[in-house]
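Protein chains in written order, with full-length UniProt numbering: chain Y, 1 to 414; chain V, 1 to 414.
Warning: the hint list may mix true and false statements.
Identical chains share a label here; the pair holds if one copy fits it or two copies do between them.
No more than 25 angstroms apart at the CA atoms, straight line, and that leaves these computed lysine-lysine pairs for BS3-like [unchecked claim]:
id, residue 1, residue 2
1, 309, 9
2, 163, 41
3, 106, 241
4, 87, 26
5, 355, 10
6, 355, 12
7, 305, 209
8, 10, 333
9, 26, 10
10, 305, 355
11, 41, 83
12, 294, 41
13, 241, 281
14, 333, 12
15, 355, 26
16, 106, 291
17, 9, 305
18, 333, 109
19, 355, 148
Hint data in this document are derived by calculation from the structure and do not stem from the laboratory.
Number of protein chains: 2
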Amino acid sequence: METLIELGKKAKQAERYLAQASTTAKNEALLLMAEGLLDDKTAILEANHKDLEQAEVNNTSESLMDRLTLTTERVEAMAQGLKDIAKLPDPIGLVESMWTNEAGLKIGKQSVPLGVIGIIYEARPNVTSDAAGLCFKSGNAVILRGGKDAFHSNLAVVSSLQKALSACDLPETAIQLVEDTSRHSANEMMTLNRYLDVLVPRGGAGLIKAVVENATVPVIETGTGNCHVYIDQSAQLEMAKDIIVNAKTDRPSVCNAAETLLIHKDVAEEFLPEIEDALNKWDVVLHADDKAQKHLNDSLPASEKDWEKEYLDYELAVKVVDSLDEAITHINKYSTGHSEAIVTNDYFSGQRFHKEVNSAAVYVNASTRFTDGFAFGFGAEIGISTQKLHARGPMGLPELTSSKYIVFGEGQIR
Amino acid sequence: METLIELGKKAKQAERYLAQASTTAKNEALLLMAEGLLDDKTAILEANHKDLEQAEVNNTSESLMDRLTLTTERVEAMAQGLKDIAKLPDPIGLVESMWTNEAGLKIGKQSVPLGVIGIIYEARPNVTSDAAGLCFKSGNAVILRGGKDAFHSNLAVVSSLQKALSACDLPETAIQLVEDTSRHSANEMMTLNRYLDVLVPRGGAGLIKAVVENATVPVIETGTGNCHVYIDQSAQLEMAKDIIVNAKTDRPSVCNAAETLLIHKDVAEEFLPEIEDALNKWDVVLHADDKAQKHLNDSLPASEKDWEKEYLDYELAVKVVDSLDEAITHINKYSTGHSEAIVTNDYFSGQRFHKEVNSAAVYVNASTRFTDGFAFGFGAEIGISTQKLHARGPMGLPELTSSKYIVFGEGQIR
């Protein structure tokens, strides 16, 4: 088993080759990786079977079992994902601006890879090929540290991808898996400043928190979403109902699902019973404050904890507010800075919401569910950043790049 | 003395006001701050006198004394700096791109402030007003933690700036000084994740290293520059001489000064004696490898340590290389990723240098001394980033911003 420092050194060696690889070479390799996954399907499914057997012994929860399970379709989807990445424009080598300075130097700002990206993630083996493909296309070496539960599956996927790299005369060490899945290896990655340019945690709130609190490697914080929908007094009832139902129930386990409904006092009496009816079809449990409970048939009392919680389930906190001001203050206090929506017919309420809500994506009259790289039209997504440095919101290929200044002189001195 | 948590809370309160402040309001405040510094000149110089007296008691070095000293001219320059910042375009509120997604949502990416910026710096009191002005113009609250040596000067400057903020009905807590100048307060800032969006260390290599190794707050690493000039075998002697002399001697104490000269073996015999002559005018001490020493009259033998060192003085490491390849490999191994230059007449050598050298600014036929926000034409500079995340190279006002997606819908759900 290689140490993280050994993996780091090898990744740094691969970095130079990757930065110089042509778009054509990278796309051909991605297509070969996709073919390879299909060719190695049996081996991958066998490895996954080992993980699933172990998971059963461990009495793993049903939802985790589902995330862990690979099927023929899922392997095919992983392969298709790599083919889709091959079709996206190469984010490397763009000179987004170039100018001449006072001394006559031509200065261009050119996109370059970040270098070596570390990814710490949990149970889903499809993240392995997705993340590897996106890092590879953007010219980055990647060190993947997946969860213990998916170890055999991840190893089979990475072996397959490395075989394809080898066949293209590209360094296998462009994509590496950390074989030590103990907590120790995760901690070691967090301080591997010498070899990692950035660390991206993908997973639950606990993992993200541990990485943010302990890493000295630059981190991109992703994916915790305590998202809000605020229904203004001027809102149309049907639109409000559609948006909150969609934001809560379309896919409750994802980060862009709504967790709290705020509603203006002037429409609470009329709207809340109808909203409750609509949410009842999905058996959504409501945690409501006193004022909201008055207009609801069946709800639990909400506490401070409910305003902070990302349920990721068919549960919703509900609060009646006196004003747009109170709504914005509540959101900026409790939100994780992911996605928030206002439903309103009032021009100035929409303007203020856009301006004053301090989150990565701020919607007027649409569901928070749109916050992802695919829905935004980026064609890919490595995660959704909830921090302000480097990238904020859905991250596609351009967010996996840095820049350098290339300067053309004719002997200028200062 | 307020705790850092108290300062953090107050900065967060100021953040919301600052993000909404109009360009006009910010510029008027900057001009008032400039006037204020001039009005308070006597008080500021008196405070500085206290610091200087204490510094003398402490047997402070001459160069540190120089950095610490304020004069009437220096205070006027600080005021002029704030006026210049007022003239720069407001980096906040730009919608750099806007598009319509498949569902018909209009999605705009708008620049917003980072939030609260922490700055840890050392002895120069003029950094206090510079950094405060840049953070303020970009709508950020700032918490300044200057060095112990400059404490009274910093306090006088910040008090003056706060008075101007107050006079404009803006929160004084937009600009705050940490009064505890112990090591403890610096360490506390490094993990103040709840209140700081980013931490920028400005100072010597020791400070930068301590912050990078210990901070869990997102950091922008700035300013260590082990910069190289490589003279290719096709270089013109006069141009090579001008560039290395300028890069080494124009201002040796700054981060974009050259620290190592690499020279191709085919021109070492002809060029090195002439370069030595030219550098002799500034008494530059040469640390040369065996091959270079043969062509030099007076040099010390170079060791591994010399390749790594940022002399920041009239000293230069010199090494003869066999090829462009060897030069690039040496640079990518020892450089801090700041600025590197090649002197060459060969088109393909220039191309390869631009592509393969992994630094923030890569020059063909110009001095490394141009790497700063003013020379690049940005009109300002908060520092020079040597990391790849968020910003790389000279950082002006746009590098002090983040973005948010503002989305305009008409009831879209997913």
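To see whether the hints hold, each was checked on the structure:
no. : hint       : verdict
1   : 309 to 9   : between (41 angstroms within a copy, 22 angstroms between copies)
2   : 163 to 41  : within (14 angstroms within a copy, 69 angstroms between copies)
3   : 106 to 241 : between (56 angstroms within a copy, 21 angstroms between copies)
4   : 87 to 26   : within (11 angstroms within a copy, 45 angstroms between copies)
5   : 355 to 10  : between (46 angstroms within a copy, 21 angstroms between copies)
6   : 355 to 12  : between (42 angstroms within a copy, 16 angstroms between copies)
7   : 305 to 209 : within (18 angstroms within a copy, 39 angstroms between copies)
8   : 10 to 333  : between (44 angstroms within a copy, 14 angstroms between copies)
9   : 26 to 10   : within (19 angstroms within a copy, 49 angstroms between copies)
10  : 305 to 355 : neither (27 angstroms within a copy, 52 angstroms between copies)
11  : 41 to 83   : within (16 angstroms within a copy, 65 angstroms between copies)
12  : 294 to 41  : neither (56 angstroms within a copy, 63 angstroms between copies)
13  : 241 to 281 : within (13 angstroms within a copy, 79 angstroms between copies)
14  : 333 to 12  : between (41 angstroms within a copy, 11 angstroms between copies)
15  : 355 to 26  : between (41 angstroms within a copy, 17 angstroms between copies)
16  : 106 to 291 : neither (64 angstroms within a copy, 35 angstroms between copies)
17  : 9 to 305   : between (45 angstroms within a copy, 21 angstroms between copies)
18  : 333 to 109 : between (38 angstroms within a copy, 23 angstroms between copies)
19  : 355 to 148 : neither (43 angstroms within a copy, 39 angstroms between copies)
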